[in-house]
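Enquirer: Spelled out, the chains give:
There are 4 protein chains.
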Amino acid sequence: MKPNRIDSQVILDEYVDVRAQSVRLCSPLNPEDYNLQGMEDTSPPKWHLGHTTWFFEEFLLKPYLKDYKEFHPSLQRIFNSYYQTVGIPFTRKHRGMLTRPSLDVVMEYRSVVDQEVARLLSDIHGRDTKILEILETGIHHEKQHQELLLMDIKYSFSLNPLFPAYDTKPRMIYPAADELGWLEVPPGVYKCGSTSDDLFYFDNETPSHRTYINHVELSNRLVTNREYLAFIESGGYQSFDLWLSDGWNLITSENIQAPRYWIKSDHSWSEFTLHGLQELDLNAPVSHLTYYEADAFARWAGARLPSEHEWEIAASLHGGSIPMDHSEAKRSLNNWYYELWQWTQSSYQPYPGFKPNPGALGEYNGKFMVDQYVLRGGCKASPSNHIRKSYRNFFPSHSCWMFSGIRLAKDIS
Amino acid sequence: MKPNRIDSQVILDEYVDVRAQSVRLCSPLNPEDYNLQGMEDTSPPKWHLGHTTWFFEEFLLKPYLKDYKEFHPSLQRIFNSYYQTVGIPFTRKHRGMLTRPSLDVVMEYRSVVDQEVARLLSDIHGRDTKILEILETGIHHEKQHQELLLMDIKYSFSLNPLFPAYDTKPRMIYPAADELGWLEVPPGVYKCGSTSDDLFYFDNETPSHRTYINHVELSNRLVTNREYLAFIESGGYQSFDLWLSDGWNLITSENIQAPRYWIKSDHSWSEFTLHGLQELDLNAPVSHLTYYEADAFARWAGARLPSEHEWEIAASLHGGSIPMDHSEAKRSLNNWYYELWQWTQSSYQPYPGFKPNPGALGEYNGKFMVDQYVLRGGCKASPSNHIRKSYRNFFPSHSCWMFSGIRLAKDIS
Amino acid sequence: MKPNRIDSQVILDEYVDVRAQSVRLCSPLNPEDYNLQGMEDTSPPKWHLGHTTWFFEEFLLKPYLKDYKEFHPSLQRIFNSYYQTVGIPFTRKHRGMLTRPSLDVVMEYRSVVDQEVARLLSDIHGRDTKILEILETGIHHEKQHQELLLMDIKYSFSLNPLFPAYDTKPRMIYPAADELGWLEVPPGVYKCGSTSDDLFYFDNETPSHRTYINHVELSNRLVTNREYLAFIESGGYQSFDLWLSDGWNLITSENIQAPRYWIKSDHSWSEFTLHGLQELDLNAPVSHLTYYEADAFARWAGARLPSEHEWEIAASLHGGSIPMDHSEAKRSLNNWYYELWQWTQSSYQPYPGFKPNPGALGEYNGKFMVDQYVLRGGCKASPSNHIRKSYRNFFPSHSCWMFSGIRLAKDIS
Amino acid sequence: MKPNRIDSQVILDEYVDVRAQSVRLCSPLNPEDYNLQGMEDTSPPKWHLGHTTWFFEEFLLKPYLKDYKEFHPSLQRIFNSYYQTVGIPFTRKHRGMLTRPSLDVVMEYRSVVDQEVARLLSDIHGRDTKILEILETGIHHEKQHQELLLMDIKYSFSLNPLFPAYDTKPRMIYPAADELGWLEVPPGVYKCGSTSDDLFYFDNETPSHRTYINHVELSNRLVTNREYLAFIESGGYQSFDLWLSDGWNLITSENIQAPRYWIKSDHSWSEFTLHGLQELDLNAPVSHLTYYEADAFARWAGARLPSEHEWEIAASLHGGSIPMDHSEAKRSLNNWYYELWQWTQSSYQPYPGFKPNPGALGEYNGKFMVDQYVLRGGCKASPSNHIRKSYRNFFPSHSCWMFSGIRLAKDIS
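Chains A, B, C and D supply the protein sequences, listed in that same order.
The first sequence runs 0 to 412 under numbering that gives the first Met the number 0.
The second sequence runs 0 to 412 under numbering that gives the first Met the number 0.
The third sequence runs 0 to 412 under numbering that gives the first Met the number 0.
The fourth sequence runs 0 to 412 under numbering that gives the first Met the number 0.
Take the hints with a grain of salt, since some may be wrong.
Note that identical chains are pooled: a pair holds if it fits in a single copy or bridges any two copies.
When the alpha-carbon atoms are kept at most 30 Å apart in a straight line, the in silico DSSO-like pairs for lysine-lysine are as follows [stated by the list, open to error]:
| hint | residue 1 | residue 2 |
| --- | --- | --- |
| 1 | K129 | K92 |
| 2 | K388 | K409 |
| 3 | K354 | K409 |
| 4 | K379 | K409 |
| 5 | K388 | K190 |
| 6 | K354 | K263 |
These are calculated hints, taken from the structure and not from any lab test.
Chain A on its own, in the form it takes in the complex (with noise of 0.2 Å):
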């Protein structure tokens, strides 16, 4: 993490929009919801709150205010997700069981640790940059958690046979994509990896590095429901030979035929979103993949998934700019950023040269770096100002409750 703003007055702006908004992203939710975790690998919206607070108390309060008094002890286990430094972290999968303490603790643990942010940061100095380095860091940070706040959200609320709405404005419509066109990528050494250019980035994404692109070329636009339900229809999920080996074992062993949200009833198909349950529409990008079902569908295609260094490139000769506004009104198919995460072939490895950080920061990304595949561009729920060229998502390849969907790649021989 490496932030190059140095105005304290313009970082706290942020820090405030950035906790304000969280609080708004749970503002549909009903008091149960809060405390909801349909699954290990999610966690439900008061511990998302709690959490990114703690996160500000224990790496930058406990450490720099110095008459700091911690809100309250037992908080301290409950809210750490990972950090061995720090303690024993409270049995992940078990964040359900948390019923105590109530929301409006929790409300008021936010209001007391901002207020001591504003505090800290109205009388910073000689340590300042390392204090504005882990502000910046926690707020990128709570970012991260935003965008889990709605993926977990979904996949909770789809365990529930009421399909609930989180957003009940109606969804938007995509127009019809236009036909696949391929976007080359020349062979030859490129650089990867953030620089010190960008005004913040995580250790994962250092050094930048240099790397060897053979000659490939990528889909200019997402795969579509339309395409995908075409896989299906032809018996993609029925054709091994389609599948990687432990793809096909998954599929079959529990019996999966669609990806995780389709729900078909009689002869029709419906897509669970957060607009509730939803007729499917084929011609938005196809969402919610696991790593093997994007695979198969290129294998399917002809095609395969491209490496996260070919995605980078090919998003810097042909991504164009970086949208600030993701609204639905610019919304397309053919965006490289914040439409869906891509499925990259890319297992999540260190860069050659990476350093985590220092101190308890440094278990923020690379204790990570086993048996995860990487992801690229951003999505839809991802906040604004949290996407870049080089932001490098990962997930194991069973999961598929985070936005992903498919860009191709294709070898040119």
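Use these hints to put chains B, C and D onto chain A, whose structure you have.
Expert: Just chains B, C and D, lined up with the frame of chain A:
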């Protein structure tokens, strides 16, 4: 289930009372608590409130109130516990996922059903007896859930490292126990089970039947925490010869060293209670034991657990009358009915000549008559008017979230 | 266990016979078969050969033959089944991993122990009674393992798609069954359990005690495959109301549609037997049922399973004498003792006044007295001289690899 | 797979050699050992003997030898490992259940197939190239299984408390290791993967492609037991900051404190080997590590694991020629190819432009390209003529029953 009272006003008054009591029992809860499910065996408070209401809607209003309009079709599946006759119930272990319907919807459901039940009762004719029988069954069903509600809250709260208190009033402290004495049952043929003289009973308590009791004596009071602690301190949990083989496997594989809610810190013992974490009261009866623990203690004490028939006859001979008031003032280790359920060594089987109720209510008891053990008596969490000599409670041998304790037996030879 | 015979030559002859019989039972096996363990409940034949030998070494030779030299120290743990008193047994489910010691070593172990037992018997004095008691217990222990050996081989062979035949001789074909008749037991107090008149019994058959039997009748023969097939064809496995709740969960979650060894191909049924895969003999008694299946069939047939006391008294009144010869010539559905073990609805509990044997042999029976159901009778795989009216076999409700069948009971009211 | 040799006599000689070698490797086994399966990942020796034979029957004799008569239809399913194209394979974890077909039948199967392969080879014409290609693939396939055979025997024997020795000759003792040195790879674009100059390669080694290597150096030898013991003794298994998160979860939940085959008794370490339980040789290379352990050690040592491309280029520059003879005389920690497989940090993915083989053999490699990590080099159990610079071995990160070790890498910045 067989109700003998035929005065519809009396029974409606009882209905109103029991319905109000369920809501009252939830009053110490915060909104998130209403949705808390600590494990598959337990249910969230909101679900108990909905399910007990569904019982009246499904078995009383739908068949007997001609123009009754179902409150909401989707609740049919959600609040069905296990009645296969009336559809496929929602997966038990996922009840904690049901943040919707919201609490206010469930409270409205209760209110509408209560009004409709009153309307049905205000105008009953030829089918009266059947209606009153079902109503009375529903009332007793809801009383069972009131006890479950407290068991479940206790269990679920115990998973929270904050150890929340359900009841913030000071807990009762027990006086020192009397020395353990023995109450004789002379050998001979006895009659057991419920008879038509009882006001109400479940089908599993019938038919009344003869049984032979060998010469035996039962202890005059429950085993105390002090006595159980002596068992622990003498190495009880490390002595395989005291344990049934399955029990030994359980305590060694799960590293169990004490009853479920006991916590050792440094050299003192605490116990999690509905009043939060409390110093262990050595004079209180030891509670929340598995069958294995009760059996091992009995063996260590040179005794055994009684059979359910032995218990019933001993209670007839020595148990006195069943108190209508089981307030703290009357509480005593010597009480047979209102302190703790007492494990018996009898597996839960049909009595000779047993016939389940007809229709869906036939699923109430009979289908659970395997791989469970009978507990007799009642407990402090049992509603008043819900205890009788012939009552058969039943749980699997590894369960301990109910209020279970030990009364000993000894063969006289 | 209580042997009454005191002539050491008689008992030594019996020892020699039973030891030879164990080896003879293995003669159809190929070398790999000796090490085959189909599931955790079963053991490899070689292990049975070693364990029965270990029993004599551990409980007879080591304590009573003064200069006895242990065959090999490492076998102590490997061939201990579950006796915690004499050390930590090797993990049961891994017995199939024990390709070493090799079969020839185990055969040598048998031979050495046999010689030493003969040496011990040739010169017994004051401790005679105890020695003869243990010897007799070991003989009966080995007989139990002879039956287990056949159960285990059948189960393990059934997992092989080649369906190997243990016995290559033609199987017995049953004549058409008599019509089902009923045998009455008048109500009253009866005496059950073993008495000192019996030549041998296990501790769990004692003490002899009184019991009250309500008016009941038991079927005069076992249920046939034809009758069970009618249950299947009438939709028995699809009718939840016929099943105990746990049984319904088992058959639906594991998709069970017929007894364990039945196989349907096209429209005909076969059954895996010790003679390999065979056409289903409709006149043979239905076998290898779980408690749940036996209970569901009984309910479908308008009957129930008998209690173990009802069975024992009915066998006394109507069962005739126990045949010494249970060859095919004598085989009949009407036989109480040598056809199939018959499920009772009695859970396996201690009799009133039960006292386990002292010492390590006290682990033999008592510690399994929970969560199991009693089967009575005996089966075609039971060794001769190993069947008696009071014999209590026991298995968990889901088990079906033993030779279990159904005798029905009906209340007379 | 691409064989370049076209002389059918040469290839038949190689066939005869490899077939004889498989049988020879089994010669120290007793009959029961042939059927031993220690876990799902491993297979019984008899199964290896049958499966490698099935490979030739299924892919060579059935399609290309016109009048070939299948040895026995039931073996088709039993000895199919995972080729969905040719039917549903027998459940992997139950291979140890297959005591039938007996060993003598399997040996006859081998003999018949060998004769038929010789007959096919004696008269080949137009389809020659294809036949020779498949034959060569089958030969290399059997060599892979020879290594698996030794891995599997070692694992399965390790579960036996008798610690059987596969090899009763004295094991090799390593001389003291050289001080660790570093071998530089200058940054730049390199070519990796197999080329048509190689005599044989699998499809996963192709196509040859360019890659950019950043400035790096690799250690000149493998890590020793002495060095790994220092890691343990410094608290390596108790320091979460050294471990990937998944690795930390694994070692804490399964209480792992040392490599798989190390055993501590009192204060000395032993290691289970193919020679039985032996004193730990501190100069030998540390082996049987998971990816997590290799990665944690590297972090502790201030280094990291190399990528597979870094390894391949470093081996080209510094690895010397591949020895044809990997007898003990030549064994050395410095060897790149014949000591232990070396974990790389590269997940197993297709090379750019990868195309699997056509037909059923296309299932050979490509479908496993997810959630596994590449190991490079070879090991003492690898058959001669089966090692090459471009060979990609692969296992999941938690696996350790293969002969895996550590070669370190360091970024030069």
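Enquirer: For each hint, tell me whether it holds in the structure or not.
Expert: Taking the hints in turn, this is what the structure says about them:
1. With identical chains, the CA atoms of K129 and K92 are never at most 30 Å apart, being 33 Å at best within one copy and 47 Å at best between copies.
2. In this assembly of identical chains, K388 and K409 lie within 30 Å of each other by CA distance both inside one copy and across copies; the values are 21 Å within and 28 Å between.
3. In this homomeric assembly, K354 and K409 come within 30 Å of each other (Cα to Cα) only across copies, at 12 Å, whereas the closest approach inside a single copy is 33 Å.
4. Taking the shortest alpha-carbon separations for K379 and K409, only the intra-copy value of 26 Å comes in at or below 30 Å, while the best inter-copy value is 40 Å.
5. For the identical chains of this complex, K388 and K190 are neighbours both inside a copy (12 Å) and across copies (28 Å), given an alpha-carbon limit of 30 Å.
6. For the homomeric pair K354 and K263, neither the shortest alpha-carbon distance inside one copy (48 Å) nor that between copies (35 Å) is at most 30 Å.
Of the numbered hints stated above, those contradicted by the structure are hints 1, 6, listed in ascending order.
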